[in-house]
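Participant: Here is what each chain is made of, one letter per residue.
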Amino acid sequence: MGDFLLLAFIFLAAGVIAVPVASRLGLGSVLGYLLAGIAISPLLSALNVDIISIQHFAEFGVVMMLFLVGLELEPKLLWEMRTKLIGLGGLQVGLTAVAVTAIAMALGQPWSVSLAIGFVLALSSTAIVLQTLNEKGLMKSDGGQSSFSVLLFQDIAVIPILAVLPLLALPEVVELAYMAIEGDAYADDAHHGGDDHGTSLNLIAGLPGWAQMLATLGAIGAVIVVGNVLTRPLFRFIAWARLRELFTAAALMGVTGIALLMTAVGLSPALGTFLAGVVLANSEYRHELESDIDPFRGLLLGLFFITVGASVDFALLAANLGPILAVTFGLMALKAGILFILALIFKIQGSARWLFTLALAQAGEFGFVLLSFTTQNNVIPDAVADQLLLVVALSMLLTPLLFIIFDKVIAPRFSETSAREPDEIEANGGVIIAGHGRFGGIVNRMLRGAGFNTTVLDYSSEQLEMLRTFGFEVFFGDATRPDLLHAAGIESAKMLVICIDDREHITTLAKYMKAHHPNVHVVARAVDRRHVYELYAAGVRDIIRETFDSGVRAGRSAYEALGVHPFEAERLARQFTADDRHAIRQLAEVYREGVPVSENPEYVALAKKLMEERESQMRGGGRGFNTRDERGWVPPGKNDLKAILSEHAERKGE
Amino acid sequence: MTRVILYYAHPGQRFSHSNKAMWDEAKKVDGITRVDLYADYPRFNIDIEREQQRLLDHDLIVLQSPLFWYSTPSLVKEWIDLTLEHGFAYGHEGTQLKGKTLLMALTAAGPHDAYSEEGYQRYPLRTFLTPFEQTARLCGMGFASPYVLFGSLRAVEDRRIPPHAEGYRRLLEAYRDDRVDEAAASKLDVVEAEHVNALIKDQSSHG
Chain F
0 MGDFLLLAFI FLAAGVIAVP VASRLGLGSV LGYLLAGIAI SPLLSALNVD
50 IISIQHFAEF GVVMMLFLVG LELEPKLLWE MRTKLIGLGG LQVGLTAVAV
100 TAIAMALGQP WSVSLAIGFV LALSSTAIVL QTLNEKGLMK SDGGQSSFSV
150 LLFQDIAVIP ILAVLPLLAL PEVVELAYMA IEGDAYADDA HHGGDDHGTS
200 LNLIAGLPGW AQMLATLGAI GAVIVVGNVL TRPLFRFIAW ARLRELFTAA
250 ALMGVTGIAL LMTAVGLSPA LGTFLAGVVL ANSEYRHELE SDIDPFRGLL
300 LGLFFITVGA SVDFALLAAN LGPILAVTFG LMALKAGILF ILALIFKIQG
350 SARWLFTLAL AQAGEFGFVL LSFTTQNNVI PDAVADQLLL VVALSMLLTP
400 LLFIIFDKVI APRFSETSAR EPDEIEANGG VIIAGHGRFG GIVNRMLRGA
450 GFNTTVLDYS SEQLEMLRTF GFEVFFGDAT RPDLLHAAGI ESAKMLVICI
500 DDREHITTLA KYMKAHHPNV HVVARAVDRR HVYELYAAGV RDIIRETFDS
550 GVRAGRSAYE ALGVHPFEAE RLARQFTADD RHAIRQLAEV YREGVPVSEN
600 PEYVALAKKL MEERESQMRG GGRGFNTRDE RGWVPPGKND LKAILSEHAE
650 RKGE
Chain G
0 MTRVILYYAH PGQRFSHSNK AMWDEAKKVD GITRVDLYAD YPRFNIDIER
50 EQQRLLDHDL IVLQSPLFWY STPSLVKEWI DLTLEHGFAY GHEGTQLKGK
100 TLLMALTAAG PHDAYSEEGY QRYPLRTFLT PFEQTARLCG MGFASPYVLF
150 GSLRAVEDRR IPPHAEGYRR LLEAYRDDRV DEAAASKLDV VEAEHVNALI
200 KDQSSHG
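So the protein lines, in turn, are chains F and G.
Under numbering that gives the first Met the number 0, read the first sequence as residues 0 to 653, first letter to last.
Under numbering that gives the first Met the number 0, read the second sequence as residues 0 to 206, first letter to last.
Worth flagging that the hints you see were computed from the coordinates, not collected in a lab.
Idealized CB from N, CA, C, for every residue including glycine.
Possibly wrong hints are sitting among the right ones.
[Claimed, not checked] The calculated lysine-lysine pairs, modelled on BS3-like cross-linking and capped at a C-alpha distance of 30 Å, are:
1) K76/G - K200/G
2) K27/G - K186/G
3) K27/G - K641/F
4) K510/F - K75/F
5) K637/F - K76/G
6) K637/F - K19/G
7) K407/F - K493/F
8) K186/G - K19/G
9) K346/F - K139/F
[Claimed, not checked] One side of the interface only, derived from the structure: several residues of chain F facing chain G at Cβ under 10 Å:
10) F438
11) I441
12) K510
[As the list claims (entries may be wrong)] Pair ranges (Cβ atoms, derived):
13) S73/G - K493/F: 31 to 37 Å
14) R136/G - N452/F: 44 to 50 Å
15) R158/G - V633/F: 53 to 59 Å
Work out the full structure: start from the sequences and follow the hints.
Facilitator: Here it is as structure tokens:
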């Protein structure tokens, strides 16, 4: 117990001290953790700590990260990525492996060892790259997406690589092939806290090939079905307890459960949780899951990076400084070169090309896993493997530096929009305005003009710089990111006005607000009618169609130009607005998310009914909409007069 | 020469017979200013400076409207509330309208005899107009006997609209030309079409 507390304290303290310093110096959190690891490595070796087993445990952070990445990625988007995933990813792994193998052979290694080294070094570090891309808000950029495609392919490629590597060791070929999916296979080894006896976890190893295939597909199917069908009831069930930590527990349970299931069928747990994430990307619990898992992911990845830093064998490095540095730089240059060529082939433009090239130029944590696997299987001699471990670790250490070069040197040359880091927000306004374009700008001017305090978020840096020079309080950042909203003071805000122009982002933000800040009033911009329904379904009641009012005003001007009296034109416009809002509200009630309106019988019936009402009014009154107020200005009829007179007579008689 | 401004206030002009006829007839009068209040301010956004200037530029302010619930249509009230500011129309240094005159031209649905103690409206029309009369008085303005069409509901079939509209035109012209016998007019509670002839002095010179 005492040991555990001491160890936990050392790791936590190292991170807590090093990361803010690194961030302050603009180095990013990853480098901070890595340096922290290097700093405490003498202490850890004095305490005789098994860094590698801690590293294996910490790698579960990668599994969680892929789950989170999956959550961000709707199935539709994943499908759109398929060319990049297979083409870009496949070529990157293939070409790099071939090139590294060739060089290793040229350096005098046997072909089998060379091929193993090729595979080991072809892979990149999912942990470092995704963590850094997320931190910089570059995940959704072109370069980020391309990088992610390659990383995802690598994650898939690990499975066949694990199968092939034992074949490279000379005798007992067939038995070793089985060991690949069995025994100390990557999956168990990497993701179960250094559980070196994870054999029993792989339940299907003894089955024939077709049954394994079936079990694998079954497991994937189970993840999809459970994610789609059971999440909702499960979360509702949990909600009864009214304990926030239970959501966290359930989220962790889900992720570990999937990891377990995937391991059982010999798949990568990271892949499985990624898939589960994609399945849940459309779910309303997505943000809940995100915020539950995120802290664990962050801590585990931090721990992982610290262990990477701590595992650098400086004695060995000092002894072979020249060759190891040469190999490391050579490897990174080679990988970067291949990536750059691929970026050219796949037409990745501008700063994204450089981001892609520099981000993936390292060897990654899979390298550690594969190296220990290869030494166990006697594919690579220990001496070579130890040096390669250093190369992998060094290349990971250097990656944050490459990101810094990208930030400081390359990105400023291209459009700055995607590369700027979110500003630190200190102002606390009563009203948060998301988006300061043609729409949000008007809202902001109106509110400021009336003396209300606003906080504006926008991710167009040009727009912001211009506004800042005029003394407006505006902040850079993607308003759909919860942490940014938090930073903008959403907890204490009275209101959020959503003025961004991307339809999907508006809806995402509205849903997030409903789920997490139901008490903050939301005014949302809608791009069209259908978007109004979506937002209505998301719980927003203050929905403004972006072009509706100007359309109505144009209609009113047309009335006036056609000789309609201005006041009547005004009333017709008002009535049109009222009728339209009435109709849209009614229709919003029957709209069902994800169902095209033409396939929603309730919607069709109501729309028809409303249309008929409109038509009968047209035939009856000569106008499409009922101008109710006119009765007040039409003189009463003779019957009215009669009634007045007879009542007067009655009163007189009393 | 009296500078005349005619404010016409009717929110439902498409449905109007008598007011429309009066307005059309008033358009024939040269040398006066005409304002369709609901056309100028369909969104009730009264331009106060402009309205005060209009008042300064004229001597006789004519307010033509139907009688809605013993008062004018609502925009007139808004116009009064905003335009007749203290410091301009009344109160400390509010002397700008002193000596001017307010003339109301109204159409009432009920017949004349309804506006009496015995009638179903229970009060004479002038009683309902006392807020306007007092408004004018507080601003140092005269309140001329209003020009009224009673029984406007039956006016079309009784063919009373053309003479009423014509009387309106002649009255406006006479006010413009300072030919109204104001002493005689002030003796009447309300002026109707039939009174117009008697109130206009010097008819021959007009032809």
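Participant: Output the indices of the hints that this structure fails to meet, ascending.
Facilitator: 1, 3, 7, 10, 11, 12 and 15
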